[in-house]
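Please work from the sequences and hints to get the whole structure.
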Amino acid sequence: MCVRAFAPAFACRSNLCLIPRTSVSHPSTYSPQISRRAVITIILDTSPQKDHYTLLGIPRTADVGTVKRAYHAFLLRSHPDRQHTASPASVSASTSPSPAPASADSVDIGRAKDAYHVLSTPALRAQYDAELVRVQKAAGPRPANVISLEEFEEDGSGEVLMWTHPCRCGGVYRVSEADLETGRHLVGCGSCSEVVWVGFEVVEDEKGDEEG
1 MCVRAFAPAF ACRSNLCLIP RTSVSHPSTY SPQISRRAVI TIILDTSPQK DHYTLLGIPR
61 TADVGTVKRA YHAFLLRSHP DRQHTASPAS VSASTSPSPA PASADSVDIG RAKDAYHVLS
121 TPALRAQYDA ELVRVQKAAG PRPANVISLE EFEEDGSGEV LMWTHPCRCG GVYRVSEADL
181 ETGRHLVGCG SCSEVVWVGF EVVEDEKGDE EG
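Counted from 1, the sequence shown has number 62 at position 62 by UniProt numbering; the numbering is strictly sequential.
Simulated from the structure, these hints should not be mistaken for laboratory data. We put the beta carbon where it would ideally sit given N, CA and C, even for glycine. Watch out, some of these pointers could steer you wrong.
What follows is a list of derived Cβ distance ranges for each label pair [what the hints assert, rightly or not]:
(1) L186 to A130: 20 to 26 Å
(2) V135 to K68: 22 to 28 Å
(3) L76 to E177: 43 to 49 Å
(4) Q136 to S176: 18 to 24 Å
(5) I109 to V64: 18 to 24 Å
(6) S120 to S157: 38 to 44 Å
(7) V160 to D63: 31 to 37 Å
(8) E154 to A130: 33 to 39 Å
The calculated SDA-like cross-link candidates involving lysine to any residue, where the alpha carbons are at most 25 Å apart (straight line), are [stated by the list, open to error]:
(9) K113 to V64
(10) K137 to S157
(11) K113 to A123
(12) K50 to K68
(13) K137 to S176
Following this line, the structure appears as structure tokens:
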């Protein structure tokens, strides 16, 4: 069986491109067919509005203190004076413990205030989480990126062969051997709502066919 990897239609409104078959060396019979140069990011105006957690760059398990720090960091980044005067060292020190949040330049500051208010109020947060789950189930997953399996790190330490890739929230995307066999391309992060489309194709073992 041979499945040709491609960029899904929702990945880009224009310039939809088919990923060419390439000769990629891989230790297993599963060959990723999307090169590093062909990793496709969804254009912002075609993606759904970011949820509060993604906006502030925090996982859904974040406590109130983490929410508050992320919100204050967002406000500092959005301030014109801070954008011009902050030194690289101070920016690195203040942001290194947290995952990369959405750019303040492209997001209404009012949404950040709403996000902080909702996520720091237990009752509102519970309602928001429930509604977020309902909407996501109804709409289905929509990937934020298309990533080649080549970008994943192979982990053969356990009983089941796995491939892992870090998420910007600090969590991990995991692809199992069973996922490859069944052609499961949509993979969610274990710590947040982010979903990616993993590019790969299952190829026949030519050596095995010749012996048979």
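Each hint tested on the structure:
1. A hinted range of 20 to 26 Å holds for the C-beta pair L186 and A130, which are about 23 Å apart.
2. Between V135 and K68 the beta carbons are some 25 Å apart, a value that agrees with the proposed interval 22 to 28 Å.
3. Distance hint for L76 and E177: a CB-CB separation of about 45 Å, consistent with the stated range 43 to 49 Å.
4. Hint check: Q136 to S176, Cβ distance near 22 Å, so the stated range 18 to 24 Å holds.
5. Taking 18 to 24 Å as the suggested C-beta distance range, the pair I109 and V64 conforms, at roughly 20 Å.
6. Between S120 and S157 the beta carbon distance is about 39 Å. The supplied range of 38 to 44 Å therefore holds.
7. Remark: the range hint 31 to 37 Å for V160 to D63 is upheld by a beta-carbon distance near 33 Å.
8. For the pair E154 and A130, the beta carbons lie near 37 Å from each other, so the given range of 33 to 39 Å is met.
9. Annotation: proposed proximity of K113 to V64 holds, straight-line Cα distance about 14 Å (limit 25 Å).
10. For the given pair, K137 sits about 33 Å from S157 by alpha-carbon distance, which is inconsistent with the 25 Å threshold.
11. For a cut-off of 25 Å, the pair hint linking K113 to A123 stands: about 17 Å separates their Cα positions.
12. Between K50 and K68 the alpha-carbon distance is near 18 Å, which keeps this suggested pair within the 25 Å criterion.
13. Among the hinted pairs, K137 with S176 is consistent with the structure: their alpha-carbon atoms are about 23 Å apart, no more than 25 Å.
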